[in-house]
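With the hints as a guide, bring the two chains together.
Residue numbers (our numbering), protein chains in the order written: chain A, 5 to 277; chain B, 1184 to 1447.
These are computed hints drawn from the structure, not numbers from a lab.
Keep in mind the model is a prediction, meaning the values are calculated, not measured.
Glycine included, every Cβ here is placed at the ideal spot set by N, Cα and C.
Mixed in with the good hints there might be a few duds.
Over the 12 Å line for every Cβ pair with chain A, so calculated as not near, a few chain B residues [unchecked claim]: (1) D1189; (2) R1190; (3) G1197; (4) N1220; (5) S1239; (6) G1240; (7) W1243; (8) G1246; (9) S1337; (10) Q1360; (11) E1362; (12) D1365; (13) L1384; (14) P1408; (15) I1424.
Residues on chain A that point at chain B, a partial pick, calculated with CB under 7 Å [claimed, not checked]: (16) M229; (17) E232; (18) L235; (19) A236; (20) A239; (21) R240; (22) G241; (23) F242; (24) Y247; (25) L249.
In case you want the letters, here they are:
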Amino acid sequence: MSDVHPHARGGFIEHTLEGLHRAMERAMYAESAASRNGLLQRLDARVKVAGLFSLIVAVALAAKLWLIAAVIGLAIILALFSAISLRALAMRAWLGALLFSGTIAAPALFLTPGTSFHGLPITLQGLRTAGFLVLRAEAAATLMLVLVYTTPWAHVLKALRIFRVPVVFVVILGMTCRYILLMLQTAHEMFESRQSRTVNSMTPAEQRRLAVAGSGVLLGKTLQMSGEVYLAMQARGFRGEVYLLEDLQMRRLDWVALGAFAVLASVSIWAGR
Amino acid sequence: MLFELDRVTYRYEGVTAVDDLSLLIPEGSRVALLGANGSGKSTLLRLLGGLIFGQSGAIWFRGEELCEEHLGDEAFAFPFRRSVGMVFQNPDVQLFNPTVFDEVAFGPLQLRWPKSEIRDSVGEILNRLRISHLKDRVPHRLSGGEKKRVALASVLVLDPAVLLLDEPTAALDPRSQSEVIDLLVEWGGGAKSVITATHDLGDLEDIADRCFVLDSGRLTAEGRPDEILRDRELLERTNLIHAHRHRHPSGEVHSHAHLHKDGE
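Okay, chain B solo, but in the shape it has when bound (with noise of 0.2 Å):
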């Protein structure tokens, strides 16, 4: 089993942001955390990645349990950061080192890999995401979209095995949404394992196998894509759609359960 989170509470500030969550997320899984603003998706996520833990509770991940005192220890840490890789949702928070080329190099060198693979991966990476031409260039000055191919570069150049993306499309335009979806989808060749949070159900089933529905921090439903995407009282009570009110030509005013995907 790839994580294994058992009873996990996280509360910050007085609020429980994830509740009593236990879930199971298998080798190779594509995962989508779906939920509403505030649902807990983030804070999952990052619980997952090792960067907070939980008051109470316990997460495993293959078989080891993620706790800051393993992850102090460089033995377990080091092929942990290898292998977890975390795309934040705000791409600045991820962008902080002089030029593109150092920012993609920075993880590669935290853990220390040999310096002439360093540039030999880092160079792949920026090719693969067409951002060559921005190595040179100071990161915090890029337009979102390339800050958004930047910070996902920083983490695909680690080759991770596990990929926790937090709302990856957020604030894109259309072009940079689905040139990411379609980078996520080809990525790892199925091999990898992907953990997506988001309340974008345009995609899902294109970059998820498996759904965790989350509400108010505490898991509500879990299933299929297909499954989810089919169940309207759940997507509307966990506030995923909603009801749309428009006028068609007729001059016809009415409203409607509205999802949002491509091209609807």
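Okay, chain A solo, but in the shape it has when bound (with noise of 0.2 Å):
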């Protein structure tokens, strides 16, 4: 056939496919991760989110390149302690903060005035600035992700209400949560259904096409879906507020964690100034 391209035959929908079962899989990943048995996974949610927190905190107050790197590298221990692979941490965290950072921070490399770099159009004082916007980026990230892949969803939250966050901003987060697994699953089943009609492959323009109807469509459904989501939690009495079947306990274990979380960061806030 004339139209035939053999180098693009059903690559953009396969491709897409694969794209979504990856994105499903590190979903499963993370409700899998935080049911292991590990360091972080045995202590109170609430430690986590305080303890996490803090160090968050002290990145962003920190002035020393040195600090940061160090706790980005504590963080890497603690993942390590409670079963995160550095595969997960490095495609998960890194990769995105790194490229989310960096296409900011790159233009500080070669705006910021100061001394040349080894003959090089950037300067130190940029490279310097942009450091550390990078750093904090990646610190953030990782701190966050090992709290995600340690804790049940659901604990999160409901620690983030025992600290007084509002309910609207936990309600917003627990919702994003389901939304995007909704998403996923439309796109998914959308796309299964467009590959099981495709017999030829597309020209790049026809991908295109199918590329920003098949967003129009599935942002509909996915709008449509969410209000039902929404819909049945209310039928079964949800009014924003988390609840738990377990409680929330504090062991001997939770307080020593809470108390060495409360030492490094407090540290970490001393040695950066």
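As structure tokens, this is what we get:
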């Protein structure tokens, strides 16, 4: 056939399906990682939320790059002791944070006035500014991923409510998690259906049209289903508050961990001045 | 009276889903809301469940008006949610917890039952629906029939006096359909009110003792299941039955009104 494009055959739909499949796998990984028998999984959710957030505050206040790097090192150690793979951290935290913060920080390399760095068109001061931004983003992303991968989502939400985070914020977080899964599932079904009806390959223009049309339909479907999820929650008495079947209880290990986090965060803030 | 609707109208995005509807549903009745797709059955169930509110008219539940203001008050909302359970057509929208056990425990937790009672009730309903083996599974990874059972369990655990069901057997295999119908027929030993929205006439006489037929959001007819099923003109007019064209072994091809019933 004259309009066959051998290199692009099924590529767009298949790649999209693979991407969606990976995204769903990631969501499943978070759920299974939280139930593993690791160091942080044994701690009360409140200790983890308070401890890891205090380290993020220390990183945000730090004026020394080595200190931020040390906190990232600490987060990696915690992750390894909590059965979280370095690959998961690299793929889901470091890469994303690097791309996002790197894009924002890149102009600072060239635009910040100062001493030229080894004759290159970037300055030492620019490098330092960009380094702070990227490392802070990496540290925050790593600490947050460690929290999410070691704590059931409902426990994170409950802990946030205990720390007086407003109901509306917690509800939005909780619903977002469910909506993302719904959206992935819907998108997966849409593209599978499309794949089952695609015999020939598509031209790049057709692929673009499919992507645009698919995005619009997906958004509409997800909005409709999201509304139904909220109604289904309301029908069972949901009024915004988070309740857990297990009582959050502070044991000796939790108090020790809380103390350790307090000391680490205090030392980090002091050393990073 | 369990529910009393007085000239209720509900519109969304320019479409009138429920149009000037008035009807009475007594306590302990088993009601079927019949109608083709888009007739307003699901919208009516949501109105009865206090999940959406009409632009005009009023709905009373046991003599108290069902409105946003009343449902914003815990003193009304808690007993109402405890009394009225709703099972959605698409079980996916009802499953949003990490495990089946958490899913079924969600309602009782929201209504702040004692935790020991929650554990006992969840275990009991999982056994009753024969899904105990699924209790640690992730709900959205289950099969369609399993999801439907979990969705049912998540509502039945509250032991509501009124059950609102939106197409309870939709997309189920024949065996699961019959199991769900048996469960609903036996459930509550006849002391509960069950309001089912459906366009499947096959099990009508099992699940209902009163039928309301809707067409374009309006009440077209009401009566006992046998009366409704006998009225072929009504069923054809409201698209509940259709002309079915088929070939006999003799080679003769003909068409006639077709009603979906078990074994037919």
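Consistency of the hints with the structure:
no. : hint  : verdict
1   : D1189 : holds, 23 Å
2   : R1190 : holds, 24 Å
3   : G1197 : holds, 16 Å
4   : N1220 : holds, 15 Å
5   : S1239 : holds, 21 Å
6   : G1240 : holds, 20 Å
7   : W1243 : holds, 19 Å
8   : G1246 : holds, 21 Å
9   : S1337 : violated, 7 Å
10  : Q1360 : holds, 22 Å
11  : E1362 : holds, 22 Å
12  : D1365 : holds, 24 Å
13  : L1384 : holds, 26 Å
14  : P1408 : holds, 27 Å
15  : I1424 : holds, 29 Å
16  : M229  : holds, 6 Å
17  : E232  : holds, 4 Å
18  : L235  : holds, 5 Å
19  : A236  : holds, 4 Å
20  : A239  : holds, 4 Å
21  : R240  : holds, 4 Å
22  : G241  : holds, 4 Å
23  : F242  : holds, 5 Å
24  : Y247  : holds, 4 Å
25  : L249  : holds, 5 Å
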